[in-house]
Amino acid sequence: MREVAVIGVGCTKFGEKWESSFRNLFVEAGALALEDANISGEQIDEIFVGNMSAGRFVEQEHIGALIADYAGLATNNIPATRVEAACASGGLSFKQAYTAVASGMSDIVVAAGVEKMTDVGTEVTTDVLAAAADREWEGIAGVTFPGLYAMIATDYMNRYGLTREQLAQVAVKNHENGAKNPNAQFRKPITLDTVLNSTLVADPLRLFDCSPVTDGAAAVILAPLERAREFTDTPVKVLGCGQASSSIALHDRKDICTLDATVAAGNRAFQMAGVERKDIGFVEVHDCFTIAEICAIEDLGFCKKGEAGKLTEDGQTAIGGKIPINPSGGLKACGHPVGATGVKQVYETVKQLRGDAKGRQIDTEIGMTHNVGGTGATVVCHIFGRV
1 MREVAVIGVG CTKFGEKWES SFRNLFVEAG ALALEDANIS GEQIDEIFVG
51 NMSAGRFVEQ EHIGALIADY AGLATNNIPA TRVEAACASG GLSFKQAYTA
101 VASGMSDIVV AAGVEKMTDV GTEVTTDVLA AAADREWEGI AGVTFPGLYA
151 MIATDYMNRY GLTREQLAQV AVKNHENGAK NPNAQFRKPI TLDTVLNSTL
201 VADPLRLFDC SPVTDGAAAV ILAPLERARE FTDTPVKVLG CGQASSSIAL
251 HDRKDICTLD ATVAAGNRAF QMAGVERKDI GFVEVHDCFT IAEICAIEDL
301 GFCKKGEAGK LTEDGQTAIG GKIPINPSGG LKACGHPVGA TGVKQVYETV
351 KQLRGDAKGR QIDTEIGMTH NVGGTGATVV CHIFGRV
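Residue 246 in full-length UniProt numbering is what sits at position 246 of the sequence shown, and the numbering runs on without skipping anything.
No wet-lab data here; the hints were simulated from the structure. Just so we're clear, the structure is a prediction, and the values are computed from it rather than from any experiment. Don't take each hint at face value.
What follows is a list of derived Cβ distance ranges for each label pair [unchecked claim]: (1) L200 x D45: 45 to 53 Å; (2) N76 x T199: 48 to 56 Å; (3) G301 x D233: 32 to 40 Å; (4) M105 x A74: 14 to 22 Å; (5) M105 x G72: 20 to 28 Å.
Capping the alpha-carbon separation at 30 Å, the derived lysine-lysine pairs in DSBU-like fashion look like this [unchecked claim]: (6) K322 x K305; (7) K358 x K13; (8) K13 x K188; (9) K358 x K278; (10) K358 x K237; (11) K237 x K13; (12) K304 x K254; (13) K304 x K322; (14) K254 x K278; (15) K278 x K180; (16) K188 x K322; (17) K254 x K237; (18) K237 x K278; (19) K304 x K278; (20) K254 x K305; (21) K254 x K358; (22) K278 x K322; (23) K278 x K310; (24) K180 x K322; (25) K358 x K180; (26) K13 x K305; (27) K180 x K13; (28) K278 x K305.
From the three backbone atoms N, C-alpha and C, an ideal C-beta is built for every residue, glycine too.
Please work from the sequences and hints to get the whole structure.
Dropping the structure here:
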């Protein structure tokens, strides 16, 4: 396979984007990525766009064709493909784009993600997201994602002694980082008391343990590494990728405190990249709930099981710590437009490795992303390095 680099990135601001339509969000992110890569739309060979559920959020299907059309590329007959893997749709979109370039099928490829979630009410949103779990066995019983992750949190706290304060510290740290991210949905630091006194959603998870409902889009452009410097002086190389699947229903897992797909996807990415955990300067993990970040740190191999809470409490996952987690603010503070999150993680990683993450910059050569669908039924990991 050919070596592959990211040559351009773009991201909208995340939040309740009442002024922007679904298609306009993508066009904005794509235009920013094209400008960043200093290329025109005519140079694009292929597009992959991650999207979980536009059919229900905005009553629009046939997303690939829609994106190509409104990006002004339909007249060039550019192939455009929608990728769906629940909340891992964006990360999988990037993997498909990487594969297209690495295989030689295409040279200049866009990987994008977009979701417009706020055009429907909370009840509909909750039901749409529940479709990322097992509808027949979990959804039909009324289980929602806060409920599923609350089960994980309860089991984890009972087995490993995680305190309520340690869990809350995940949210405090991510809001601190998000306050420094101009694209973040929430740009205000919070305290432990803010988290601990927020509304109970599903015991033990409270409102500030949960990622928000978000509109947003992100796009990145990939090219063969050998051509990357035709477009940019700061290409970022894709060192490794890994994808894994697990049971869609939580009750079918051997251990609900370990996302075995995260373990497998992470190991595959590390094996392909040829690097070790100690080489990673930061990780953008899928913190859809605070307990998800705790599990991810451990399942990716950055500490032993049961140690991530103490690691977080001691400030070792903060910027400047041993292993910074979610310098962007993560899903918790930056926001979680489900189809776009995985690509936003790549956007943040590229900005960091270029030295462009003002206010939250980490001095490192290598970064990693971790994107999860459902409660861990799909996981996609990527490792990136400076050239």
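Evaluated hints:
1. Between L200 and D45 the C-beta distance comes to about 50 Å, which sits within the given range of 45 to 53 Å.
2. A hinted range of 48 to 56 Å for the beta carbons of N76 and T199 is consistent with their spacing of about 50 Å.
3. As the Cβ distance of G301 to D233 is approximately 33 Å, the hint placing it in 32 to 40 Å holds.
4. Separation of M105 from A74 is about 20 Å and conforms to the stated range, judged on CB atoms against 14 to 22 Å.
5. One distance hint, 20 to 28 Å for the beta-carbon pair M105 and G72, holds here, with the actual separation near 23 Å.
6. With a C-alpha separation of about 17 Å, the suggested pairing of K322 with K305 holds against the 30 Å cut-off.
7. Straight-line distance between C-alpha atoms of K358 and K13 comes to about 16 Å, which keeps the hinted pair within the 30 Å bound.
8. A C-alpha spacing of about 15 Å is found between K13 and K188, which places the hinted pair at or below 30 Å, so the restraint holds.
9. With a C-alpha separation of about 24 Å, the suggested pair K358 and K278 falls inside the 30 Å cut-off, and the hint holds.
10. Note on K358 and K237: the hinted pairing holds, with a Cα-Cα distance of about 21 Å set against a maximum of 30 Å.
11. Restraint check: the Cα-Cα separation between K237 and K13 comes to about 25 Å, which is no more than 30 Å; the hinted pair holds.
12. Between K304 and K254 the CA atoms are separated by roughly 18 Å; this keeps the pair inside 30 Å, and the hint holds.
13. Taken as a hint, the K304 and K322 pair is honoured in the structure, with Cα atoms around 14 Å apart against an allowance of 30 Å.
14. Our distance criterion of 30 Å between C-alpha atoms is met by K254 and K278, whose separation comes to about 29 Å.
15. The straight-line distance between the Cα atoms of K278 and K180 is roughly 26 Å, inside the 30 Å bound, and the hint therefore holds.
16. About 24 Å separates the Cα atoms of K188 and K322, which keeps this hinted pair within 30 Å; it holds.
17. Pair hint K254 plus K237 does not hold up; C-alpha atoms about 36 Å apart against a cutoff of 30 Å.
18. For the hint pairing K237 with K278, the CA-to-CA distance comes to about 19 Å; that is within 30 Å, so the pair holds.
19. Between K304 and K278, the direct Cα distance comes to roughly 14 Å. Compliance with the 30 Å bound is thereby established for this hinted pair.
20. Distance hint between K254 and K305 is fulfilled; the C-alpha atoms sit about 15 Å from each other, no more than 30 Å.
21. For the hint pairing K254 with K358, the CA-to-CA distance comes to about 42 Å; that exceeds 30 Å, so the pair is violated.
22. For the hint linking K278 to K322, the alpha-carbon distance of about 9 Å falls within 30 Å, and the restraint holds.
23. For the hint linking K278 to K310, the alpha-carbon distance of about 19 Å falls within 30 Å, and the restraint holds.
24. The hinted pair formed by K180 and K322 meets the criterion: a straight-line CA distance of about 20 Å does not exceed 30 Å.
25. Distance restraint check for K358 and K180: the Cα-Cα separation of roughly 8 Å lies within the 30 Å cut-off, and the hinted pair is therefore satisfied.
26. Proximity of K13 to K305 is assessed by CA-CA distance (about 35 Å); at most 30 Å being required, the pair is judged violated.
27. With a CA separation close to 13 Å, the supplied pair K180 and K13 stays within the 30 Å bound.
28. Among the hinted pairs, K278 with K305 is consistent with the structure: their alpha-carbon atoms are about 17 Å apart, no more than 30 Å.
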